[in-house]
Structure formats: C-alpha cells, structure tokens
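One letter stands for each residue in the lines below.
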Amino acid sequence: MKAKFLASAGIVAATAVALTGCSGGGGGEGGEAAAASCTNTVVNTEAPQVTVWAWYPAFDQVVDQFNNANDDVQICWTNAGQGNDEYTRFSTSIESGSGAPDVIQLESEVLSSFTIRNALVDLTEYGANDVKGDYAEGAWEDASSGDAVYAIPVDGGPMGMLYRQDIFDAAGIEVPTTWEEFEAAARTLKESGSDAVIADFPTNGRAFNQALFAQAGSTPFEYDSANPQEIGINVNDDGAKQVLEYWNGLVEDGLVATDDAFTADYNTKLVDGSYAVYLAAAWGPGYLQGLSDADPEAVWRAAPLPQWDAADPVQVNWGGSTFAVTEQASDKDLAARVAMNIFGNEEGMNLGVDEGALFPSYAPVLDSTEFADKEYEFFGGQQINKEVFLDAAAGYEGATFSPFQNYAYDQLTEQIYAMVQGEKDGGQALDDLQASLEQYATEQGFTLK
Amino acid sequence: MATTSTQASSRHADVSSKSDHRPDRNFRRRQRWGWLFVAPFAVVFITFLILPLAYAFRMSLFTNTLAAGTDFVGADNYIKAFTDPIFLGGLATVAKFALIMIPAQMIVALLAALVLDNLATWASKFSRLMIFVPYAIPVVIGALMWGFLYSPRFGPASSIFNLVGLSAPEFLSQDNIFGSLVNIVTWQWAGYYMIIIYAALRGIDPGIYEAAVLDGASDRQIATRIKIPMISSSLVMVVIFALIGTLQFFTEPQVLRGVAQGAIPVSYTPNMYAYSLAFSYSQFNYASAISFALGIVVFVFSFLFLFLTRKQSGLK
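Quick note, the sequences are listed as chains A and B, same order.
According to the working numbering, the residues represented by the first sequence are 1 to 449, in order.
According to the working numbering, the residues represented by the second sequence are 1001 to 1316, in order.
Pulled out of the complex, with its shape left as it was, chain A reads as follows (with noise of 0.2 angstroms):
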C-alpha cells in the first residue's frame, strides 16, 4: 500500500515537474533553448550559435553555406511560418519575454511594428553603418528609420507588370505604359469577347494597394522611431484617392476582378488565364513559376509598371524583407554579424537569386552584370532584370510604414471591399479610413503630427 502512494505521489511530482519543464522550455537565452530544433544540421558543434527565424525559398542551402564557411559561429535555423505566422509567434515571444530567436526575418513594412515594442536592436552600435555602401538605398532606407538601422536589408520588390503576350496578341493590343492605356486595353479586351479580364485588383492586397497608391504620390505614414510617440497619418491623401478612384471605375464597368488574393483561386487564376495581366513584385516571376494548373500555351512577358505621367516615371516597391536582430538575442554583436553576413556576400546572396528567385537588396550582386543579363526560361529568354525590375529598384525611394501596419492593413481591406461592394466610392473609403486610424492611434496613445 505505502510503496503504491509513494508510487502515485512520484507520478504526480514528475507530471508537475514535466509542466513546469515545460513552461521552463521555451525560454532561456534564444541560444540554448532552441539549440535542439534546428531544422539545419550544425556543422561545428563547438562554436557558438546563433538562432536564425526565415522563410526564404531554398534558404537551407544558404545556412549550409554559411556554417561551412564561417568557423566561429553557427546558424540554427527554424522556419517558424511566413510573414503573419510568424510575426505571431514573434509578437507573443515579445509579450512573454522570452522564446525569440536572436536573428529573424522581417519584411520591411513591418519594421516599426516591432520597433515601438522594443523588440528590435538598432545595429548601428554593432557596424551597420560600415556595410550601408553594399545595398540598394532605397532599401536601406525601409530598414532604418531616422539614424537608427534596426535590420539589414535581403531582398526587394521593386514592380513591373507581368502579362500574357499572348493573350494581348489575340485581342490587338499593345503593350500599356500608362494607366490611361492600362484603361483603354482594358476595354478593348473586354469588347474582343476574351474570356479573361486584363487584371485583378484584390480588396486583401494590403502591400500591392499601398504601393499602387504610392505610385501617384501617396505618403500614408510620417513616423520616426526616434520619436516614437508621434505619428503623421495621411491615407487619405490626393495620390491615394486618384489611384483608388481610379481602380474602382475599371470595377464598375466590370474590366478587372477582384478576387481575393493569395488564395488557392486566385493562384490558378493567375496561370490560367483568367487576367491578362499580373502586377507584380520581382519576387513575383518565382511566384508564377511555382504555380500549378498552369495554361501550358501561356506566353509570359515583363514590362515596366504603367505610369501616371510617363514623363516623370515613379518606381514603387510591393514586399521585400530583412534581417533583424531581437533584443532578447544573448550576444548581440554575434547576432548582429550574423544578420551582416549570410546574405552580405556574394555566394550566399547568389544562391538566393539563383535557388531562391530573390531579388537581391546586396548591391555587389544587385549590380553585377550576370544578374542583369541573367535570362529567364519563362519569359522565353528575356532579361527581365535588365528590362524592367533593374529600373524599378534604382528609381524606389523608400517609404514609411506605421506601428500598426498589420491593423492598418486590415482596415483598408475592410474599405476597398466596402467600396467594391458599391457601398461607398473610393474617397468615402480613404475617408473612413483615415478616421478610423486616427482614432485607433490616438486610443493607442500616439499624438497625431
């Protein structure tokens, strides 16, 4: 009897023990604690290492690389979810205080998000200064905010527009420079009785909107992390309201979809079809290809975004990210030089671009003269980078993104889809947009500039 209650109480003490391991797991220094998950295998166990969140297509390879080469420090990779997942998890990491990883990807838009909570070391104490000549400036310019460098930069997305040749060819059309001839060759394919519509223009585009209101001028956001009680809110500005009315007139008369994007119809929308055009990031070309159900008659061509003054070109950047390092990082300089380095040489970055389809922000491979000749199997050998993606990353200036980019972005979801739905025009939208940022930025505590 006594030996069956020690027995029972030691179940009951090992299961407390077991939970409270538990809880006791998932924090500790990044290093340690995550040591045991690593999706790569480290190379030399004895060095220290460093532990690295991404989702970058084909990055195991680029950690191999890295750990081959570099002897003193090593990647412990995990791929902990694309963008929203795993800002998520990072989100909650930040809130418990522990269970973050020391380097982690981020996309640009997203940056000051996690700056406003702390969460993110300014690298300008570990060197970030020393390497800001090795990448394109307007990405540069995502990553920092005022003095402060809170990531470095990996890859852009600069837009051009992806289209059927093909289909184009059938329905007589050229090729669109401006969004008035964007217009006009929306109308004639609609009037050839082709089954496609030229293109789709998604209510959940969040980054795709934003930059097409961008385009023509638009600053939704003023914001310093060096300030970081004060905002500038301006989504309802003239070049936002010019684009969306602008989109939603080619709605009206039923010239583009607005299917949602990013969802398993919209992916075999995109290669069957279905839109004559894609307005796409650099990273988009990748995208397509990876794609099923693909139309295999399809005739793919790159051209530069349509213009609003073709006078005054604008370059407008969709996407992109970077690599920050956490503040929960054990040793930040370490973490810091990892950040520097896996993309910030040319046999890492050139795996990216050539396994990976990225666009690189690393400027010894951004301009070299293989990734601008480079030709592309899909779009019959031409050289995209050249033709088009080159000019849109050299003409991007920057932007600046809110603290609460991911509400921001839910609410003018929330709006186009109001607007498409004939509820209310496009300034209506920006309108009701812009209070209820305002209102939500001051509920959050913010001064409005």
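These are calculated hints, taken from the structure and not from any lab test.
Everything numeric in this text was worked out from a predicted model, so none of it was measured.
Glycine included, each C-beta is placed from N, C-alpha and C at the ideal position.
Warning: the hint list may mix true and false statements.
[Claimed, not checked] Short derived list, chain A residues pointing at chain B, Cβ under 10 angstroms: (1) Y440; (2) G445; (3) F446.
With chain A's structure known, arrange chain B on it following the hints.
Using the frame of chain A, we list chain B on its own:
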C-alpha cells in the same frame, strides 16, 4: 454465564465500536486515495486552466498601449468592451447565428434521431454512422473542405448549376457567407446532437409505446406527445451545448476568412476579435478583457436558458 455474557457483550461492544469506527476511517482513507486519483487531473486543470484564467483576468485590469506603456485601469477595459461597437456588433452576429443555427441543428438532429429510433434495419445503423461521421472530422479540416466546395473554381456548384443553365450562387460573397457558415456548422454538429438525442430515445421504456399504441396513438402522436417530452432534458442539454458553441463561434469563420477576407472581417465574431487583438495587434490586455466579457455573456445566456427551461431539464 454472566462473565460470558459480559464478555460476549463486551466483545460485541468491541465489535460494534470497531464497526462504528471502521467505515469512518475507511472513508477517510478512501478520501485520501480519492484525492490522489484526482491529483493528476487537478494539476493539469490548475496549470492549464485556472492559472491562465487568473493571469488573463489580471491582464484585463491593465492597459498597454503601443505608445504609452502599461497602466492599471481596473474595470475600464470592461466598460470599453461593453461600449465597443465592434464587440457589440460581433455579439449581434453570433446572436443571429444562434437564432438560425441552433434551431437548424436541432431540427435536423431530432428528425434524424426520431426516424432512426423507429427503424431497426442495417440501413438505420449505417445511416446513423453516416450522419455522425462529419462530427469525427476535425473542425478545421471540415471548414477547409467546405472552403473548397464553396470555391467558384474548384467547387462542384458551378458545374451542377451549369447543367440546368443557371449560374452558381457565390457562397463566399458578403450576402451568402452567413448561410454558408450555418451550413458548415449544421453539417458538422447535427450528427453529434443526433447521437445524444438517439441515446435518450433508446432509454425510454418501450412498454410506454405499447401502452400508447393500445390507446390508439399513431406514430406521429407517439413521437410528439411521448418521445419528445420524455427526452426534453437531453434536448435542453443539446441546446446548451449549441448555445455555448455558437456564442464562441471562431474556427469556421476564421478558416473561411482565408478565402473570403472581405466578407469575413477580422472582428466578425467576438472570439475572432479577441484573437486578432491579441495576436495581430498585440493588445493582449484588451483582448483578455474582451475574452472575459464574452465569458460573462456566455454565462448569462446559458444561465438564463437553464433557468427558463428548468422544468424541462429536470433541474427543478
């Protein structure tokens, strides 16, 4: 004799005193064992439910804004929650779901149970299983599957409607999303409720039916006058399950949001609102308050319902 009798009586007394004592000690001993058996559960229960609840409640009394930091605000978050048009709008949505979805599930479940109760063939066993199967599918998988069925591109609807020369309804549009969600939930849960009701029907003494038949009752009269009243406590339980589930509506709309972000905004139901506040907008404190506010609403409605149906459920 006297001695023996005293001895006997004393022995008796002894025995009786012992037997008086024994159950008590045994009982206490058993009680101790009882606690031991409860302990593993209690440890898990306290660690994963009571403590997080207490922690969340504590969080809900503070506010943490992006720009201004953390402050103790007491009940302010609750006042804000119950005057927050988004939260109230979400409550109105789930109330609408409750009004439509619960009767729909009840009707399907009750009809199926009554029919199956009357049949005793292999077909009834098979049907019982088939009606129950959707419940065995994980909710997320079920919702994903319906997402595909509703898809204008991959779903069967467009081909079916094309056969008769009509265009398929857009299941995921703003106007139809409500019905689409009602359909998913009814499909998934009606089978489960059917099993509960069916089990209750099986528990009725068949002698009562015989008596009813002798009195000239028809099958329909037996169903409506005998069966349904006799299983009313199970029906009340089923409604309570459905009510609590509906007020906490989350998984199905959250999954379908992946393919209909416009029609299902982030704050469609109170639970989704709490989720996005916490994990998308990092407002853990207000999210805790919203969760507790929802908990209060669920409690009030469940209590109210149980109070109103205390006669049927046998609680009185």
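Now for the hints, and whether the structure bears them out:
1. Y440: Where the cut-off is 10 angstroms and the nearest Cβ of chain B is about 9 angstroms from Y440 (chain A), the hint holds.
2. G445: Hint on G445 (chain A): holds, closest Cβ of chain B at ~3 angstroms, below 10 angstroms.
3. F446: OK, holds: F446 (chain A) within 10 angstroms of chain B, min 5 angstroms.
Violated hints for the displayed structure: none, as all numbered hints are satisfied.
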